[in-house]
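Colleague: Work out the full structure: start from the sequences and follow the hints.
If you want the building blocks of each chain, they are given just below.
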Amino acid sequence: MSRPLRLRRLAPHAARHAILLVGVVIFFGPFLWMLLTSFKSSSEALSFPPTFLPHAWRFDSYRRIFTVAPFGLYYLNSTIVTVLATFGQIVTSLAAGYAFARMRFRGRTVIFVVLLAALMVPFEVVFTPLVTLLSQLGWLNSYQGLIIPNVPSILGAFLFRQFFLSFPTEIEDASRIDGAGVWRRLWSVMAPMARPMIGSFAILSFVYNWNNFFFQFLVTTKSRYYTVQVGLAQLQGENNTTDFGLLMAGSTLAIIPVMIVFLVFQRQLVSAMSGGLR
Amino acid sequence: MSEEAVLPASRRMGRRAAAPMTVSQRREGSAGYLLIAPTTVLLVLFYLYPLAQTVYYSFTNWNPATGRSDALVGLSNYTHLVRDPEFLRASANTAIYVAVVVPCTLAVGLFFAALLATPFRGRAVYRALIFVPHIAPTVGTALVFSYLLSPLGGVVNYALSAVGVAPIGFLTTQPWALVSVIVFSIWQGVGYSMIIYSAALANIPPSYHEAARLDGAGPVRRFFSISFPLVAPTTGFLAITGVISSLQVFTQVYVLTGGGPLHSTQTLLYYVYEQGFVYFRGGSASAAAVLLLLCGIVVSVLQLRVLARRNTAELG
Chain A
1 MSRPLRLRRL APHAARHAIL LVGVVIFFGP FLWMLLTSFK SSSEALSFPP
51 TFLPHAWRFD SYRRIFTVAP FGLYYLNSTI VTVLATFGQI VTSLAAGYAF
101 ARMRFRGRTV IFVVLLAALM VPFEVVFTPL VTLLSQLGWL NSYQGLIIPN
151 VPSILGAFLF RQFFLSFPTE IEDASRIDGA GVWRRLWSVM APMARPMIGS
201 FAILSFVYNW NNFFFQFLVT TKSRYYTVQV GLAQLQGENN TTDFGLLMAG
251 STLAIIPVMI VFLVFQRQLV SAMSGGLR
Chain B
1 MSEEAVLPAS RRMGRRAAAP MTVSQRREGS AGYLLIAPTT VLLVLFYLYP
51 LAQTVYYSFT NWNPATGRSD ALVGLSNYTH LVRDPEFLRA SANTAIYVAV
101 VVPCTLAVGL FFAALLATPF RGRAVYRALI FVPHIAPTVG TALVFSYLLS
151 PLGGVVNYAL SAVGVAPIGF LTTQPWALVS VIVFSIWQGV GYSMIIYSAA
201 LANIPPSYHE AARLDGAGPV RRFFSISFPL VAPTTGFLAI TGVISSLQVF
251 TQVYVLTGGG PLHSTQTLLY YVYEQGFVYF RGGSASAAAV LLLLCGIVVS
301 VLQLRVLARR NTAELG
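Chains as they are written, first to last, in UniProt numbering: chain A, 1 to 278; chain B, 1 to 316.
Just so you know, the hints here were simulated from the structure itself, not pulled from any lab data. Treat the hints with caution; some may be incorrect.
[As the list claims (entries may be wrong)] So, partial list: chain B residues that the calculated Cβ filter (under 8 Å) puts toward chain A:
1) Y33
2) L129
3) F145
4) A212
5) T251
[Said to hold, decoys possible] Ranges of calculated distance between the beta carbons of each label pair, as one might list FRET restraints:
6) A/F66 - B/V163: 21 to 29 Å
7) A/S188 - B/L75: 54 to 62 Å
8) B/G74 - A/I171: 55 to 63 Å
9) B/P85 - A/R8: 56 to 64 Å
For every residue, glycine included, the Cβ atom is placed at its ideal position computed from N, Cα and C.
Modeller: Structure, rendered in structure tokens:
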């Protein structure tokens with residue numbers, strides 16, 4: 001093959017990789033920078049010119065973040081809230097989706113359409129009276145306040161309904177003939193078969209609940225109930241944003257759980273995100 | 001979009017409803033109510049009831065701190081809003097934000113989706129690394145941006161100084177603060193539009209591109225004459241969801257700039273939050289929230305309509 005021809009073949013590939021590498025630097029670079037900074041001393045984080053790799057790898061920032069703020073407690077709170085809210089979303093959405101897809105009762109379509117319409121109303125529009133309501137219930141600064149309003153998931157009910165609609169009815173009919181009641185059929189027959197859907201939705205729900213800031217920020221005013229996101233935002237306010245070693249360690253800790261979930265369940269997460277919306 | 005998925009389902013539902021019920025099915029009807037009860041009751045309590053309250057309070061002088069709303073004040077909350085310079089500023093900021101963030105996020109997302117449309121080595125890695133900002137928590141990533149953009153130790157200002165530009169207070173001076181919030185949001189949103197566009201591009205039959213290639217069309221021409229028109233429904237869907245989520249921007253503003261300097265990055269939701277929980281003007285907060293909701297509904301109805309017209313035009 002002559003040289004110019006080969007070049008003409010390879011040039012588009014090289015150009016594509018070059019553009020994508022620029023993209024990776026822009027979109028992923030900040031995470032790398034965050035991680036490297038979290039191992040620098042606070043003074044090195046402010047040094048000019050900035051260093052790329054830390055002069056000396058230090059874990060100071062990680063040690064300090066657990067002493068300047070009860071970060072361990074924030075982690076525990078985030079874990080409790082995320083796990084329970086995710087669990088609640090799965091159970092209620094599975095039940096509702098199954099009922100909307102497979103059972104017949106008066107008003108089914110009307111209720112479903114009303115729920116779908118409610119999907120149009122963002123939470124952000126209703127938060128002022130909602131917070132007042134939670135305060136009247138005595139639920140501000142409490143786990144139930146952080147968890148229960150997040151349990152109903154219209155998207156979840158919709159996704160499970162779609163799943164059960166596209167599922168063959170034969171197996172369920174067989175178990176019905178065998179005398180299995182609704183509950184038995186739902187939890188012993190249908191739920192196990194919905195496992196892939198449960199998995200995808202669980203990941204979606206986990207990421208959503210872990211990342212949630214605005215709601216948790218409104219419900220908590222005492223550090224006893226802060227989640228990681230709220231605690232981190234407060235830490236920034238208190239430190240006047242100059243202790244970047246500390247803040248980058250905090251950001252790393254806030255981001256890591258989602259990163260792990262993403263690395264392990266990448267395919268399910270992406271298909272849930274795109275599949276649920278098509 | 002959801003049309004293909006929703007339509008057959010609802011048709012099936014109608015057909016089933018026409019068949020006569022058996023006794024066991026009728027008995028199961030009450031179980032159906034029980035199964036939908038948790039979702040429905042919680043939604044009514046924590047979503048629809050507060051929504052009704054928001055609408056009602058927008059006509060009163062409600063104070064969220066005392067919980068008191070003594071008087072119906074008619075439309076005065078709304079007339080006060082249109083005269084409040086802070087509200088007008090927040091509206092203008094939100095409009096600028098939406099007008100820049102949505103098209104840029106879509107364009108960049110489609111650009112990367114198109115680059116990654118054909119299989120090659122490393123494709124999955126590229127896609128994953130570009131997608132990551134979308135799922136990382138906003139508080140954490142916004143903090144990282146506040147560091148990158150800082151005049152103290154910030155790498156962006158260092159890079160600029162290398163080409164002789166004096167340090168810029170990206171988050172503390174106008175108009176840079178709004179620019180920074182916008183750039184952050186685009187950075188965060190590209191991964192999502194890329195993923196959705198990737199799925200849409202994968203649905204285009206390869207024979208279309210082959211035919212055009214045989215006719216001598218280059219990659220750019222093929223993109224604009226084949227791919228771009230065929231992903232129009234996806235563009236419409238992403239535009240609607242993009243506008244609606246852009247109307248609710250709060251976290252990045254809170255972390256990056258706190259709404260400043262001089263309200264230059266304050267958005268509508270930030271305004272609602274301040275009115276409600278900083279100044280305790282529940283009436284204005286509710287009125288602004290209602291306007292925010294109306295904006296979202298108007299935008300999605302308009303866009304759905306434009307989209308429907310385009311689809312029928314293509315069919316006819």
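Colleague: Take the hints in turn and mark each one as holding or not.
Modeller: Now the hints, each set against the structure:
At its closest, the beta carbon of B/Y33 sits 6 Å from a beta carbon of chain A; the interface hint therefore holds under the 8 Å criterion. Taken as an interface hint, B/L129 checks out: its beta carbon lies about 4 Å from the nearest beta carbon of chain A, inside 8 Å. Checking B/F145 against chain A: minimum C-beta separation of about 7 Å stays under 8 Å; hint holds. Proximity of B/A212 to chain A is violated relative to the hint, the smallest CB-CB distance being about 17 Å (cut-off 8 Å).
Satisfaction of the interface hint for B/T251 is found here, the shortest Cβ-Cβ separation to chain A being roughly 5 Å, below the 8 Å cut-off. For A/F66 paired with B/V163, a C-beta distance near 40 Å fails the hint of 21 to 29 Å. For A/S188 paired with B/L75, a C-beta distance near 57 Å keeps the hint of 54 to 62 Å intact. In this structure the hint that B/G74 and A/I171 lie 55 to 63 Å apart at CB holds, the actual value being about 60 Å.
Remark: the range hint 56 to 64 Å for B/P85 to A/R8 is upheld by a beta-carbon distance near 60 Å.
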